[in-house]
Structures are given as structure tokens and as C-alpha cells.
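Read top to bottom, the protein sequences are chains A and B.
The first sequence stops at residue 167 when you use the numbering used here, and every number in between is there.
The second sequence stops at residue 1333 when you use the numbering used here, and every number in between is there.
Read the hints as simulated data drawn from the structure, not as lab findings.
For glycine and all other residues, C-beta sits at the position ideal for the given N, C-alpha and C.
Worth double-checking, as some hints may not be accurate.
Unchecked claim - Calculated pairs, DSS-like style, for lysine-lysine (alpha carbon to alpha carbon, straight line, at most 27 Å):
no.	chain 1	residue 1	chain 2	residue 2
1	A	K28	B	K1307
2	B	K1281	A	K105
3	A	K72	A	K124
To be verified - Okay, the calculated bits of chain B under chain A, using three or more residues with CB under 8 Å as the criterion:
no.	stretch
4	1189 to 1198
5	1227 to 1234
6	1288 to 1302
7	1309 to 1322
To be verified - Below, a sample of chain A positions facing chain B; criterion: calculated Cβ distance under 7 Å:
no.	residue
8	L97
9	A143
10	P146
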Amino acid sequence: MSTNKKRYIALIQGVVNDTLFDVLKKRKSTEIYILEGRPKLKAAKVLSKSSLKRKIVPTLIADNMAGFLFYKNLVKEVWLSYQLLDKNGAVCDIGGLILAVLGHKHKVPVYLYPTAEKTPLMGKKSDVLNFNGVRVAPRNVNAYVPLVEWVPRKYISKTYSVHGSKN
Amino acid sequence: MIHQANPNKIVINESPLFWPARLQEKTLLVLDETLLPDKVRYIRVRNTGQAVEVIRQMKTRAFGQFLVVLNTFLLELARNKNLSDQALFQKIVQTAEALNNSRPTFPFSEVTSIVVGWAKKALEQSQDVGLSVQRNIFGYLQGIRQQRLDRIRRIAEFFQDGDSVLTHCNVSGELAMAASLCRARNKKVHFFATETRPYLQGAKLTAWELKNTGSDVTLIADNAVASIMADGLVDKVIVGSDRSCANGDFANKIGTYQIAVLAKEFDIPFYVLTQPSNKVKKGEDIPIEIRDENELLTFSKRRIVQKAVRGFYPGFDVVPHELITKSVPIDVH
Chain A
1 MSTNKKRYIA LIQGVVNDTL FDVLKKRKST EIYILEGRPK LKAAKVLSKS SLKRKIVPTL
61 IADNMAGFLF YKNLVKEVWL SYQLLDKNGA VCDIGGLILA VLGHKHKVPV YLYPTAEKTP
121 LMGKKSDVLN FNGVRVAPRN VNAYVPLVEW VPRKYISKTY SVHGSKN
Chain B
1001 MIHQANPNKI VINESPLFWP ARLQEKTLLV LDETLLPDKV RYIRVRNTGQ AVEVIRQMKT
1061 RAFGQFLVVL NTFLLELARN KNLSDQALFQ KIVQTAEALN NSRPTFPFSE VTSIVVGWAK
1121 KALEQSQDVG LSVQRNIFGY LQGIRQQRLD RIRRIAEFFQ DGDSVLTHCN VSGELAMAAS
1181 LCRARNKKVH FFATETRPYL QGAKLTAWEL KNTGSDVTLI ADNAVASIMA DGLVDKVIVG
1241 SDRSCANGDF ANKIGTYQIA VLAKEFDIPF YVLTQPSNKV KKGEDIPIEI RDENELLTFS
1301 KRRIVQKAVR GFYPGFDVVP HELITKSVPI DVH
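Just chain A, with the same shape it has in the complex:
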């Protein structure tokens, strides 16, 4: 991928409801980038299926690569999946706060879209010690596995419902 020419990338974080792809499909100039969604790679697996079903070919990046795209001014908008919302912010899939802070810093809008499924607060240690079913870390290492996190309102530009309408 050349990073020199002007790009319009929509970054999607978390397992969003698949109707988001109907919204994004209407914007032909937008490229869809999805993040892996460690530890279980659920976002990578579910979103790529939803996207391909609508004949949109997504590009996968690892969860640590979003910053590069922001640094290169390639990101047009960010979509985060949320499962709970109040006036102060939202509970989003883990990784949402990273993109929210990056969006805020780079003046890129951060939109919330409902999640496709409820995620528990914490995962198991073994989820991070393994990758795609393969053990990667030493056996005796501790792991901390938050699966959701709080994204304060100050980072959020708009919130959408499954019907695409703003609320």
C-alpha cells in the first residue's frame, strides 16, 4: 500500500452490528480497515465475513497499527462498537479508547455504533497467552485481559443506532 496519495479510510474497532457495512457501502470512496480485536480475533473474523458478504473487501490491521494510519493522515473516520451508553460516555470493546484518543488528537470524527453482541468485562489469561489457538507466551507468565473499556463523552463525535440514525 502506498501511503503517499490521499486516502479515505474508515477504521472499525470492535464487533459492530453488521448493518454498519450497509451504511459504509454507500460511500464508494471509503476504504474499510478493520482491527484484529485481540485476544480472540473476533472482530477480524466477524467483520471480515460481514464485509465480504456485502462485496466490500476489508483490509486487516493489527491492533497496534492504527496509530501509523493517523500519523500519516490517512484516517477519515473511526467507528467504535458500544454496548452501553449514558450521557458521560460509553462502554466499548477493548481498544476503543485508543482510537478515541487518536481521533481526538488528529481531529478525526469518532462515531459509536451498536455492538453485534455483548462482551464480558474480562477474558481468561489463556486468551492472551495463545494466538489463534497456538501458545505464544511462556507458561508461567501472568496476563491481564480486559475485554471492554469506558470511552468518555469528550472523545465521541456522534452515536448511531442500528438504523443508522443519529441520537
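Position chain B relative to chain A; hints supplied.
Below, chain B without anything else, positioned relative to chain A:
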């Protein structure tokens, strides 16, 4: 293989990642970092072509690349003892060119140009080129080793008793040895290591070597960084660097930029181990290596998403100097 180091009159065990390549007669032994933590195995490198492949395939990286570069010259000197001084100089120039083209982001030419400069000077002064270059490399490496041991002492001084420190990727043994030094001084320091996709150096190398020193280390996924910072679980961040610029910007393993942005957002000091250089003015000018998408899309020979999905894998990113609290340099020039 356990060496011992003495960074401040306290003897600590040396991490295998601190000095991951060494010459044994006409063979260069390079620690295969891709096999850790399951196996500690050294690849036998016998010529420049093999050295370049070891670098390209990321069998070694960061400081390991630096060692491979310098030792490859020693290897070629050992293999070509019978060449004339002029022919040996040409061999050194060819070796430098091959190494310079191995990967784009790490400043290989800055290291190789030092060696070529020694060879040129020896040739101009009618000295034995092989002997002169060999002596210079040995002396240079000894100086680098001493500077790194000194930096370990400085890193250990940054950490306070009770600190929780986040690190990303792997800083080639220095953090693990600083952690040992802290333990020897009765300072309790906890570490968070990001797993560092796609090669998982944080999970495979950093967690392994910190655990081996008896340190308290917790592994997190790369996407959990903001969560632990927002929850007040991180007191300091420390990372390594692959290339520095004249204005203080630096390039490091992909993921470092967003950690630096978050550290700033949550008011957490951000430290970086650097090898300062003035060759590149600012971060935007550093060439960033874009690696094969299949290194991201497959793991252990299994595809992680459907075949139609594309991947994008930048190997590094750049951190602007304004996000850095303090650089901890060594002089490699």
C-alpha cells in the same frame, strides 16, 4: 549460555537478548528470536548473504541487527585473509552495500559507513586493512557494550520502588537486566508487556526474559494499553528505538506511536532508549518498511481470516519528539 554483567558492582545474569550474536572462528552465531521462548537456538551464519537473510527474515532485530552487521565484517575478514589490502577494501565495500539493502528503516548505512571509513583510512595509510578494521570493530563493540551496561544502571535509577512500567516490543535485554538490578537493590517494580503483533516479541521475548530474571511481569494485548493507563495502572513507559532523527523524533516497532500519544494524554512519563543521529532531519523522512501482508494474515501457517481479506503491515512507526519525556542515549558514532 549465561554471561554475567557488572553494571554497577552488582553482578547480574546477562539476558541472551543483550548480546544475541557472536563470532566463533569462521561462523557467526545468531540467536533465533523467532523460536523463543520454546527454544534457545543459534543460527550458524557463514557469509554476508546468509547474514542479510537472517535480518530480512527477522530472526534477529533491533540491537541484534547491529551486532550482525559488525560481525559480518569480521566474518568476511576471517574468510578472506589472503586477499590484498585493495581487494579486501573492495570486499568490505561490497559487504556494506549488501547489508545496507537488507531492511529499510534501521540505519544500516550509518553503521557500515563507520567500518568502510576505517578500511579506507587503513588503505590510505598503507596499514594492514584486515588487522586495522578487526581491531577497530573489537574496540568499538567493547565501547558499545560498556555504554549499554551503563545505560542499564541509568534505567534502573529511573524506576522507583512500587513502580508499574509499561514496555512495548523488546529492548534487547536492557530492561530485563535493569529489572534484575532493581531487584538486587530491593526495589519492587512491576512490568506490563504488550504482546506486540504480528511477531509477538512482547509475549515471546520480553515476558520471557523478564520472567527469567524473576521479575513481576503481566502480558497484555496491544489493544489494552489505554485501559490500563486510564485505570491508573501505569507509572512509566519505556521503549527502545530503531532510528533517531536530528530533531529527536524516533522510529520504533509498530505500535509505539499510539502508546506515546496515550502516555501524553494520561500524563505518564515516556522514556526511550536511543542511538542519536543527525543523518535524518525529522521523523517524516524516515523510510518505513511495509512488510508482506501474509506475515499478518497467517499465523503458524494458518490463515486467520478469509482469503479475500487484504492486510496492511507497516513494520515501524514514528514518535515525534514532543511526546518524549526523556531519551536515554548511547553514542554509536
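Quiz item: Checked against the structure, which of the hints given earlier come out wrong?
Solution: The structure breaks only hint 3.
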